Structure formats: structure tokens, C-alpha cells
Amino acid sequence: MTTPIIRRIVGWLLPFLWIFSFYIMLFGHLSPGGGFSGGSVLGACLILDRHVNGANAFGARFTGERLLKLSLAALLLYGILKGQSFLAGVLHMNGLPIPLGTPGNILSSGLILPLNVLVGIVVAVAFYLIATLFEEGHL
Amino acid sequence: MQGLHLTSLLSILILMITAFIMPVIKQRQLVTKISLATMGVVLVMLALVAVDVARVEHYTATIGHYDAPFGITFDIGPIEAVVGVLFAFVSTMVVWYASFGIHKEIKENRVKLFYTLIHLLLASLLGIVFTSDLFNSFVFIEVSTLAACGLIAIKDKPENIKATMKYLILSSLGSGLVLMGIAYLYSMTGHLNMRAIHETLQVSVAGNERAILVSLTMFTIGLGIKAAMFPLHIWLPDAHASAPGPSSAILSGIVIKAPVVLLFKVLFMVYGHEILKDTVILNLILIFGATGMIMGSLFARVQTDLKRMVAYSSVAQMGYIFFGFGLGNAMGMTIAIYHILAHGLTKSCLFLSVSSFIEQTGQRDIDNMRGIGREMPITLAIFSLGGLSMVGIPMLPGFVSKWNLALAAIDYGQIFLLLIILASSLLNVSYYFPIIINGYFGNANLEGKIYKSKMKPVRELVPLILLSIMMVIVGFGSGPILDWIASAMPSL
Amino acid sequence: MISFLASHYFQIGTVILFGVGFMTLLLNNNLIRKIIGLNIMDTSIFLFFITIGYTGGREAPIINGAFKGIDAYVTPIPTGLMLTGIVVAVSTTAFALALTILFYERFGTIDLSEVMDSRGD
Chain A
1 MTTPIIRRIV
11 GWLLPFLWIF
21 SFYIMLFGHL
31 SPGGGFSGGS
41 VLGACLILDR
51 HVNGANAFGA
61 RFTGERLLKL
71 SLAALLLYGI
81 LKGQSFLAGV
91 LHMNGLPIPL
101 GTPGNILSSG
111 LILPLNVLVG
121 IVVAVAFYLI
131 ATLFEEGHL
Chain B
1 MQGLHLTSLL
11 SILILMITAF
21 IMPVIKQRQL
31 VTKISLATMG
41 VVLVMLALVA
51 VDVARVEHYT
61 ATIGHYDAPF
71 GITFDIGPIE
81 AVVGVLFAFV
91 STMVVWYASF
101 GIHKEIKENR
111 VKLFYTLIHL
121 LLASLLGIVF
131 TSDLFNSFVF
141 IEVSTLAACG
151 LIAIKDKPEN
161 IKATMKYLIL
171 SSLGSGLVLM
181 GIAYLYSMTG
191 HLNMRAIHET
201 LQVSVAGNER
211 AILVSLTMFT
221 IGLGIKAAMF
231 PLHIWLPDAH
241 ASAPGPSSAI
251 LSGIVIKAPV
261 VLLFKVLFMV
271 YGHEILKDTV
281 ILNLILIFGA
291 TGMIMGSLFA
301 RVQTDLKRMV
311 AYSSVAQMGY
321 IFFGFGLGNA
331 MGMTIAIYHI
341 LAHGLTKSCL
351 FLSVSSFIEQ
361 TGQRDIDNMR
371 GIGREMPITL
381 AIFSLGGLSM
391 VGIPMLPGFV
401 SKWNLALAAI
411 DYGQIFLLLI
421 ILASSLLNVS
431 YYFPIIINGY
441 FGNANLEGKI
451 YKSKMKPVRE
461 LVPLILLSIM
471 MVIVGFGSGP
481 ILDWIASAMP
491 SL
Chain C
1 MISFLASHYF
11 QIGTVILFGV
21 GFMTLLLNNN
31 LIRKIIGLNI
41 MDTSIFLFFI
51 TIGYTGGREA
61 PIINGAFKGI
71 DAYVTPIPTG
81 LMLTGIVVAV
91 STTAFALALT
101 ILFYERFGTI
111 DLSEVMDSRG
121 D
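Protein chains in written order, with our numbering: chain A, 1 to 139; chain B, 1 to 492; chain C, 1 to 121.
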């Protein structure tokens with residue numbers, strides 16, 4: 001599957017795909033996109049990298065354990081950030097005082113930006129781990 | 001005091017967050033301790049929810065910052081509080097029991113996953129019970145299905161994979177039907193909040209009769225699959241019999257109860273009695289429930305595998321709950337909710353004692369359980385107490401259910417339904433009593449058995465004993481509990 | 001009747017699709033086909049929700065420039081719900097496929113009828 005042509009083209013393409021996935025995540029609150037779509041593109045990047053450059057070269061940089069820890073940390077942070085907002089909602093109070101910024105800037109609309117990035121990380125790692133699951137066949 | 005309203009949401013949040021801490025912790029002991037501590041905290045929180053509800057009768061917690069028809073809310077009344085406390089209590093006891101022996105039954109590296117799945121499962125079940133938003137409850141149902149599948153497949157034997165596959169396929173069918181039902185309701189009313197749907201539906205019945213009937217059928221069958229309503233129960237015996245012991249106790253004790261509570265809310269709080277009395281749905285549920293009571297017991301009677309027998313007994317007992325719903329009067333519904341309580345405690349007790357028989361003797365056949373009462377007297381005593389409750393010995397919760405169910409059936413006006421309750425009880429006697437009698441008595445059975453030779457240490461039996469004590473308390477204190485549940489019944 | 005069919009052809013199509021997926025999931029013995037049936041069924045429900053939410057002639061609910069009044073935009077709720085629904089369907093599918101691999105490793109087949117014992121109970 002990894003002919004030189006594919007390897008060369010993917011080598012050119014991957015950096016752009018990485019940047020594109022981050023763009024989707026970071027601009028999710030301003031334009032179509034967001035955590036899930038950005039995370040799926042990022043996950044596709046990881047899978048492509050692994051398939052083309054081989055599991056060994058790729059696995060040295062991102063071991064499954066390390067990725068899992070990253071994604072669990074993101075989930076934890078998400079739970080705490082969104083959880084405090086939910087809890088504040090029960091009490092009819094405002095959550096953490098995050099400045100809203102001017103609409104249209106990247107740093108605006110409060111919690112949405114960090115939550116998008118966290119969701120992106122979780123989704124990317126989940127997609128990647130599912131793909132490796134099929135390669136190795138462990139549940 | 002608004003602060004207490006937080007506890008319902010906080011219990012779910014804590015469970016979800018701790019579930020994802022566990023996979024990165026190295027030592028098994030630490031994982032066990034964290035899990036037990038979390039379960040204890042959640043149990044206390046849900047007890048606080050019950051106290052809160054007892055004080056104000058009913059409250060609504062707004063999740064997010066939008067109010068009822070548009071945002072998601074938790075509507076918590078006596079029914080939700082009682083069922084929530086039951087779920088937390090049973091899972092606490094099961095986790096306590098599992099902390100002694102789960103690593104013997106599943107692979108060492110899966111133990112952390114087991115606790116993660118139990119936390120996710122309890123969180124999603126509490127979500128199903130508490131939420132008043134239909135789509136939200138669908139998402140929680142899917143989470144609970146996947147977590148429950150994981151709890152069965154965690155043992156990795158061929159029959160577990162087979163049972164999980166069966167369960168996953170049928171559950172997906174059920175989820176699809178439920179989601180389609182939600183879509184119908186949404187297209188008719190434009191709301192997802194249960195109260196808002198109810199109010200809109202009362203006005204717009206005319207012209208929508210067929211759509212209402214179709215969506216009602218979809219909800220009944222979809223949730224009926226998940227709750228093992230009789231003809232749709234075929235996944236249950238395989239799944240519950242092949243899962244590891246503590247998993248079976250959770251699956252049979254509480255996992256099949258959450259869809260029942262949701263079905264209750266959908267039938268009587270979303271559609272309401274005005275719509276139901278013009279359809280045949282309640283009669284169908286009554287027939288399915290009655291058939292389940294008889295057929296489940298008959299199937300249990302012919303099993304040779306002890307765990308399969310107890311699993312089939314679950315089918316019969318779910319029949320009682322659907323029977324109560326099908327009667328459709330206030331007493332029937334009250335007793336159905338009470339039976340959720342009674343069966344949840346009793347069946348988890350039975351499954352845990354059966355799994356300790358299997359663990360200590362290595363045998364699964366009923367015939368090999370002769371004389372077990374001399375080797376493991378305390379465990380068999382707990383099993384007997386559970387069996388007696390199922391059969392309906394006075395003052396145990398099973399008796400309270402049957403007695404009141406009989407009264408509700410008389411109230412309904414069909415005396416022959418009493419015969420079904422009676423026949424089902426007699427069938428229960430015919431498969432629980434032989435085990436108890438052959439376990440304790442008969443010289444041929446007791447020959448060569450050494451007293452207390454296979455008994456577990458008493459400290460490992462504490463959760464089982466607590467469960468059975470709770471069961472007796474629920475039986476003796478049935479009066480106030482029934483009154484409290486009845487106070488929350490939607491007016492007919 | 002005909003006018004009802006003509007005006008609701010989207011909903012009728014999705015319900016037919018739902019039936020196709022449902023029967024494939026229920027009656028086919030091949031596990032992979034069952035999973036395909038599951039996906040058809042889920043997709044049909046997503047389509048159904050989205051057709052409920054769409055009103056002809058209105059814009060996507062993104063305020064670009066000036067706000068044009070409530071009647072100018074379609075309701076965003078069904079679309080948002082279905083985004084969640086898609087995530088749920090993806091995770092169910094992934095779990096089912098992983099389970100199928102395990103199934104194949106244990107039994108050497110992905111045909112359910114070869115493995116399931118056809119006892120009546």
C-alpha cells in the first residue's frame with residue numbers, strides 16, 4: 001500500500017491537513033466546523049501518518065498510552081469546565097467569569113473555544129485508537 | 001435551599017469524571033478504593049436528593065442556562081428519588097462485593113476497565129431516570145447499552161462474545177425504535193421536554209390518532225426490548241448467565257429497570273391517561289406481562305444451569321412490573337414502581353450469592369448444589385431469603401408486591417388475573433424450594449460435606465448481608481414507601 | 001391521499017428507508033450486513049429529523065451581516081440533535097465492528113446462524 005508515490009504525496013499533504021484540522025477547531029465558533037469535525041480531520045491525519053510511515057516510526061512518537069492519557073486529561077478538563085457551568089445553571093447563577101470578547105475575534109464567546117479544542121483532542125484520539133483496534137484486533 | 005438541588009446533577013458528574021481517571025492509575029487496590037469511595041459519596045448524595053424531595057415533594061433542576069421547554073431539566077419527584085437511591089445502593093454493594101473477587105473472574109488488566117464501565121453505567125442509568133428531556137434520555141440509553149455490553153464482553157469467553165452480540169443487535173433495534181418514536185413526537189408537538197409535549201399533545205390529539213398510536217407502539221416495543229418484556233426477552237438469559245457474577249447482579253438488578261422507569265414516564269407522563277384509554281397499548285402490556293409471568297417461570301423451571309435459572313426468573317419478575325403498568329390504575333402503577341425496588345434488591349442478592357456458589361465450588365449445575373447449605377451456610381441463607389421473597393412469603397418485599405398486585409387486579413375487575421399471579425407464585429416455589437431443601441436437608445445430600453468448608457470469609461459477605469437486610473427493611477417498611485410513591489402518581 | 005403523498009414524500013421515503021434498515025438488522029444473519037442495516041436505520045432517522053426541521057425558502061441560522069427576523073431562518077434544533085445522534089451511531093458502529101472481529105477470532109465465521117443454537121428457550 002505504501003508506494004513511493006503515496007508516501008511522497010502524503011508527506012506533502014499532511015502538514016496542510018494538520019493546519020486545516022486546527023483551523024476547523026479554533027474557528028468553530030466563528031464559521032462552520034467545531035470540535036467534532038476538526039477532531040475527525042485530526043484523527044484522519046493520525047491514521048494516515050501511521051499507515052504511510054508505518055506503525056513503528058509513528059508509535060515511537062505517539063504511543064497508545066500517551067495518547068490515551070492526553071485524551072483522558074482533555075475529557076477531565078471538559079468535565080470540570082462544562083460541569084461547573086451546568087452546576088451554576090441549577091443554582092441560576094453565572095459560571096466562571098470568562099470574558100466574552102468582541103464577536104468575530106478568535107478569543108470570544110467564552111467557553112466554546114476551549115471546549116471545541118478539548119472535544120477535538122478526544123475525538124481525534126478516539127478515532128485513532130479505534131483504527132489501531134482494527135489493525136491489532138484487541139477490544 | 002437551592003444547594004440541595006445540586007446533588008442530583010453532581011452525582012452524575014462525579015461518576016463520569018472518576019470513570020475517566022481510573023484507566024491511568026497503575027495499582028488495582030487504589031482503583032478499587034477510589035471506586036468504593038465514589039459509590040459511597042454518590043449514595044449519600046442520592047439519599048440527600050430523597051430528603052430534599054421529601055421536603056418539597058417535587059423540584060426541577062435546570063441544566064445549562066435555559067428554562068424548561070427549551071433547555072434540559074431534571075424533574076425529580078418521589079419515584080425518581082426512590083429509584084435513584086435503589087440504583088446507587090445496589091451498585092455500591094456490588095462494587096464492594098466485586099472488590100474482593102473480580103480479579104479472579106476476569107483478566108488482571110481488565111479490572112480497571114470493569115470499574116470504569118460500572119461508573120459510566122450508573123451515571124447513565126441515573127441520567128435516564130432523572131432527565132425530563134426525551135432526546136437526552138435517548139443519549140443516556142445508548143451510553144448505558146454500550147457500557148452494559150462491555151460488562152458482559154469483559155470476560156472474553158466465546159459464549160460471552162455471542163451473548164454480547166445478541167444483546168447489542170437487539171438493543172440497537174430498540175434504540176432505533178425509540179429514536180423514531182421521539183422523532184414522531186417532535187414532529188407532532190415541536191418539543192422534547194416531557195411536560196411540554198404532554199401539554200401540547202392534549203390539545204392536538206384530533207387528527208393525530210394514527211401517529212400517536214404508531215409512536216406509542218414504537219416506544220413500547222423499543223423500551224420493551226431493553227427491559228426484557230416477555231416475547232422480546234431472548235437476549236436476557238444468555239447475557240445475564242454468561243457475564244461475570246457482579247456484572248450479572250448489576251445487569252439484572254438495575255440495568256433492565258431504567259428503561260421500565262422511562263417507559264412509565266413516557267406512557268403516563270408524556271401521553272397521559274386520556275390518550276392511553278383510547279388505545280390498546282395498555283391491554284397489550286397487560287397480556288405480555290401476564291404471559292411473561294407464566295412463561296418466564298416455566299422456562300426457569302426446566303433449566304439445569306443455576307445462573308440461567310435465576311436469569312429466567314428475572315423475565316418472570318419483569319412480567320409483574322409490566323402487569324402492574326398494564327392494569328393502568330393508580331394502585332397497579334404504584335405497585336409496579338415498588339416492585340422495581342423489591343426485585344432490584346432481591347435479584348442482585350440472588351445473583352451475588354449464586355456467583356459465590358459458583359466461585360467456591362466451580363460448579364454451575366443445579367444438581368451439584370446438593371448439600372451446599374452445610375458447606376456455605378450463610379450464603380445459602382441469603383439465597384433462601386431472596387428465594388422466599390420471590391415466592392412471596394409474608395413480610396418480604398415479594399409478598400407485598402403480589403398482595404397489592406392482587407388487590408389492584410380485583411380493583412381492575414378481572415378476577416381471573418388472580419389465577420395468573422397465583423400460578424406464577426406456585427411455579428416460583430417449584431424452582432426455588434428444591435435448591436434450598438436439597439441444600440440444607442437430606443442425609444444423602446449432606447454426606448461427605450464438611451461444615452463451613454467452602455465458606456467465604458465473613459468480611460467478604462458483608463455487602464450481601466447488607467443487601468438482604470435492606471430487602472427485609474423494604475418489605476417491613478412497605479407502607480410508608482407505597483404511600484410516598486402513590487403521592488407522585490399522575491392523576492387519572 | 002395522493003396530495004398527502006406528494007407533499008410528504010421526504011418523510012415517506014425516510015420511513016421506507018427505516019423499514020429497509022430495520023429488516024436488514026433483524027433478519028440478516030451476516031454480522032457485517034446487520035451493521036450496515038443498523039447504519040441505514042440510523043441514517044433514515046437523521047434524515048427524518050432534518051426534514052422536520054427544514055422549512056422551504058429559509059436560511060441557515062447563522063447571522064451574517066444584519067439580523068433578518070425570526071421567520072428568515074430554519075430551526076437549528078433538529079440539526080443539532082442529529083449531530084449528537086451521529087456521534088452515538090458512530091460509537092455503536094465502532095463497538096459492533098470490534099465485537100465482530102472478536103467474534104470472527106473465536107468462531108471463525110461471521111454468520112450468526114452457524115453459531116447460535118436454535119433452542120426454543
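Hints listed in this document are in silico derivations from the structure and should not be mistaken for laboratory results. Hints may be right or wrong, so weigh each one.
Unchecked claim - 27 Å max Cα-Cα, derived DSS-like pairs, lysine-lysine:
1. B:K162 / B:K112
2. B:K155 / B:K449
3. A:K69 / B:K33
4. A:K69 / B:K26
5. B:K157 / B:K26
6. A:K69 / B:K456
7. B:K449 / B:K33
8. A:K69 / B:K155
9. B:K162 / A:K69
10. A:K82 / B:K112
11. B:K33 / B:K107
Quick caveat, the model's predicted, so the values are computed rather than measured.
Comparing the hints with the structure gives:
Between the alpha carbons of K162 (chain B) and K112 (chain B) the distance comes to roughly 23 Å, so the proposed pair stays at or under 27 Å and holds. Straight-line distance between C-alpha atoms of K155 (chain B) and K449 (chain B) comes to about 31 Å, which puts the hinted pair past the 27 Å bound. This hinted pair checks out: K69 (chain A) and K33 (chain B) have alpha carbons roughly 21 Å apart, not beyond 27 Å. Between K69 (chain A) and K26 (chain B) the alpha-carbon distance is near 12 Å, which keeps this suggested pair within the 27 Å criterion.
For the given pair, K157 (chain B) sits about 25 Å from K26 (chain B) by alpha-carbon distance, which is consistent with the 27 Å threshold. Pair hint K69 (chain A) plus K456 (chain B) does not hold up; C-alpha atoms about 38 Å apart against a cutoff of 27 Å. Between K449 (chain B) and K33 (chain B) the alpha-carbon distance is near 36 Å, which puts this suggested pair outside the 27 Å criterion. Restraint check for K69 (chain A) and K155 (chain B): satisfied, since their Cα atoms lie roughly 25 Å apart, inside the 27 Å limit.
For a cut-off of 27 Å, the pair hint linking K162 (chain B) to K69 (chain A) is broken: about 31 Å separates their Cα positions. In summary, the hint linking K82 (chain A) to K112 (chain B) is supported, as the alpha carbons are separated by about 25 Å, within the 27 Å threshold. Annotation: proposed proximity of K33 (chain B) to K107 (chain B) holds, straight-line Cα distance about 19 Å (limit 27 Å).
Checked against the numbered hints above, the structure violates hints 2, 6, 7, 9; every other hint is satisfied.
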